[in-house]
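Student: Quick note, the sequences are listed as chains A and B, same order. Residue numbering for the first sequence follows full-length UniProt numbering, starting at 1 and increasing by one per position. Residue numbering for the second sequence follows full-length UniProt numbering, starting at 1 and increasing by one per position.
Just so you know, these hints were derived from the structure itself, not from any lab. Watch out, some of these pointers could steer you wrong.
All copies of an identical chain are treated as equivalent in the list; a pair is satisfied when it fits inside any one copy or across any two copies.
Unchecked claim - Straight-line C-alpha distance at most 25 Å; calculated DMTMM-like pairs for lysine to aspartate or glutamate:
| hint | residue 1 | residue 2 |
| --- | --- | --- |
| 1 | K291 | D26 |
| 2 | K51 | D297 |
| 3 | K291 | E115 |
| 4 | K291 | E18 |
| 5 | K291 | E73 |
| 6 | K51 | D150 |
| 7 | K51 | E23 |
| 8 | K294 | E186 |
| 9 | K291 | D165 |
| 10 | K294 | D225 |
| 11 | K291 | D150 |
| 12 | K294 | E155 |
| 13 | K51 | E18 |
| 14 | K294 | D150 |
| 15 | K294 | E103 |
| 16 | K294 | E85 |
| 17 | K291 | D32 |
| 18 | K291 | D268 |
| 19 | K294 | E194 |
| 20 | K291 | E198 |
| 21 | K51 | D266 |
Protein chains: 2
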Amino acid sequence: MQRLFLQEVATRDGFQNEARFIETVDKIAMIDALSQCGFAKIEVTSFTSPKAITALRDAEAVMQGIRRNPTVEYTVLVPNVRGAERALACNIDEANLVMSVSEPHNRSNLRMSREQSFAQLSEVVSVIGQGPVAINVSLSTVFGCPMQGDVPVGEVLHWVERFADLGARGVTLCDTTGMAYPSQVEALSRAVRERFPELQLTLHFHNTRGMALANALAAIEAGVDRFDSSLGGLGGCPYAPGASGNVCTEDLLHMLQLMGFNTGVDLDRVLAVAAQLPGLIGHDIPSQILKAGKRLDLHPIPAHVASLEKQVPSARTQELRP
Amino acid sequence: MQRLFLQEVATRDGFQNEARFIETVDKIAMIDALSQCGFAKIEVTSFTSPKAITALRDAEAVMQGIRRNPTVEYTVLVPNVRGAERALACNIDEANLVMSVSEPHNRSNLRMSREQSFAQLSEVVSVIGQGPVAINVSLSTVFGCPMQGDVPVGEVLHWVERFADLGARGVTLCDTTGMAYPSQVEALSRAVRERFPELQLTLHFHNTRGMALANALAAIEAGVDRFDSSLGGLGGCPYAPGASGNVCTEDLLHMLQLMGFNTGVDLDRVLAVAAQLPGLIGHDIPSQILKAGKRLDLHPIPAHVASLEKQVPSARTQELRP
Chain A
1 MQRLFLQEVA
11 TRDGFQNEAR
21 FIETVDKIAM
31 IDALSQCGFA
41 KIEVTSFTSP
51 KAITALRDAE
61 AVMQGIRRNP
71 TVEYTVLVPN
81 VRGAERALAC
91 NIDEANLVMS
101 VSEPHNRSNL
111 RMSREQSFAQ
121 LSEVVSVIGQ
131 GPVAINVSLS
141 TVFGCPMQGD
151 VPVGEVLHWV
161 ERFADLGARG
171 VTLCDTTGMA
181 YPSQVEALSR
191 AVRERFPELQ
201 LTLHFHNTRG
211 MALANALAAI
221 EAGVDRFDSS
231 LGGLGGCPYA
241 PGASGNVCTE
251 DLLHMLQLMG
261 FNTGVDLDRV
271 LAVAAQLPGL
281 IGHDIPSQIL
291 KAGKRLDLHP
301 IPAHVASLEK
311 QVPSARTQEL
321 RP
Chain B
1 MQRLFLQEVA
11 TRDGFQNEAR
21 FIETVDKIAM
31 IDALSQCGFA
41 KIEVTSFTSP
51 KAITALRDAE
61 AVMQGIRRNP
71 TVEYTVLVPN
81 VRGAERALAC
91 NIDEANLVMS
101 VSEPHNRSNL
111 RMSREQSFAQ
121 LSEVVSVIGQ
131 GPVAINVSLS
141 TVFGCPMQGD
151 VPVGEVLHWV
161 ERFADLGARG
171 VTLCDTTGMA
181 YPSQVEALSR
191 AVRERFPELQ
201 LTLHFHNTRG
211 MALANALAAI
221 EAGVDRFDSS
231 LGGLGGCPYA
241 PGASGNVCTE
251 DLLHMLQLMG
261 FNTGVDLDRV
271 LAVAAQLPGL
281 IGHDIPSQIL
291 KAGKRLDLHP
301 IPAHVASLEK
311 QVPSARTQEL
321 RP
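Using the sequences and the accompanying hints, generate a full structural model.
Tutor: What follows is the structure, given as structure tokens:
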């Protein structure tokens, strides 16, 4: 069984987008539950300014309050030197740095040019230094930018290289607004893996246009073995109201398990945690498996069928659902 | 560019599940619009008893009212001899027969045993005879039954063979409740194609567990070139309230076009028809592309980014969406 590594991002990428503040104790309880599911990595929170992203203003309290499972890496989003200092004080395993490979998207999202972002993140790397804390860089819009359109592969490779040269352990290729499609995913994944075989490569999909699971399989075809996903599909997309956000952890996991991949993650435990989400955030979530059940969650045979042999053929056709 | 054939089923498989009766003129207008989109086949309606499925009680009026495009095959669901006679009087191109390869599902859905269904459908084949009307058989639950669980591949091949022996031109492998997963789809598609290379093979997916697009790609990998899909993803699943139903035509088409397949279908025309659906049926639809737009439907650059060079780096990080 091929080993895959799943990384849960709901408590950062998901909660960040919620209008309702999730209480610190609830965040901690959820992360503690997720720590027992078998994820390779959990993105706990974000050390952005508490004023800018109030949903995650309790980053220190959450990082210090969770019970850490030594088999899980705990990563946090770090935007700048101040965030790095705060995060280091909380004994993180990994700092996740973010910038966009699209100039207009970076300016729109981070309010600075890509070069300014790179300079700022280079300082973060210096502050974190050569210690035990790993550096990952999440590159946004590598499969397309909602303002610019297509993003050249050469641009993506350029930014991967600059962060690889800085000493990043890993890079995440992010399909920020669900523009990736399977053949593109396979090609870009191959290109990055061939040129940077030593990097820990993660793929981060959104299901905005329904292709997230197909994209994950295309990435696996290209040799990718590590994926971000979000419990319940939490995490919206500002450019597509009503559309799905991050690829849903339980939907991805359910498919991968059926196909015989070894993810190390316990689907039933994940579903038990996901079931708490609607109550916690106050709205429905785009999880298909939570609604439909697992493939072999069977239904009782209707009463009228119970006595199979006594059944008489009937001209009345009740329902026809091929 | 590899040629694929898309078959639209919303006006039968979708409308059949709607609580609101869609007016005959509206059905006709929608089918006429779909006839100009480039579909290989349209499943127009069902010649079941008007009392059993009242939503499609206007089958004759619809079949006789549409303007037929000679490049499109018009197929209808035919459950029995009475339905076949009614359908033949309307000059159909193809009769679509339905039974389940799972005994409890067939009894539950059609209220008779599989052998009784087969006998009844054999009579239908006799009535239709060797004339110009083709026979297709949609086999339900070939990827799993919500009551029985797994369905042996041998069972599926057995029923395909019996209908091939009866002279059916085509067979549709139906994932009735969204239990199919990609590796299974590829294996079963290969098995059926190898054993029955002369049959017109269609795959019919539901997105109940989010895997429909991934399943379609797995089928293409196995050489399948023909798919049912439903405009707007119309057509619910009685076993999973709230979950998606049929694979959504525009979502499937959008992905296939991005990947370079030649479907012959005009996505913009399809989207224009799909946009009318919520008003017609009175509720939201699970179409992702209708909500999110096509991949390259770009968004304006926000005003604060307009003057790129004047931008000053800011410690305030607005949003971070990798």
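Student: Could you check the structure against the hints above and give me the numbers of any it violates, in ascending order?
Tutor: 2, 3, 5, 6, 9, 16, 19, 20, 21
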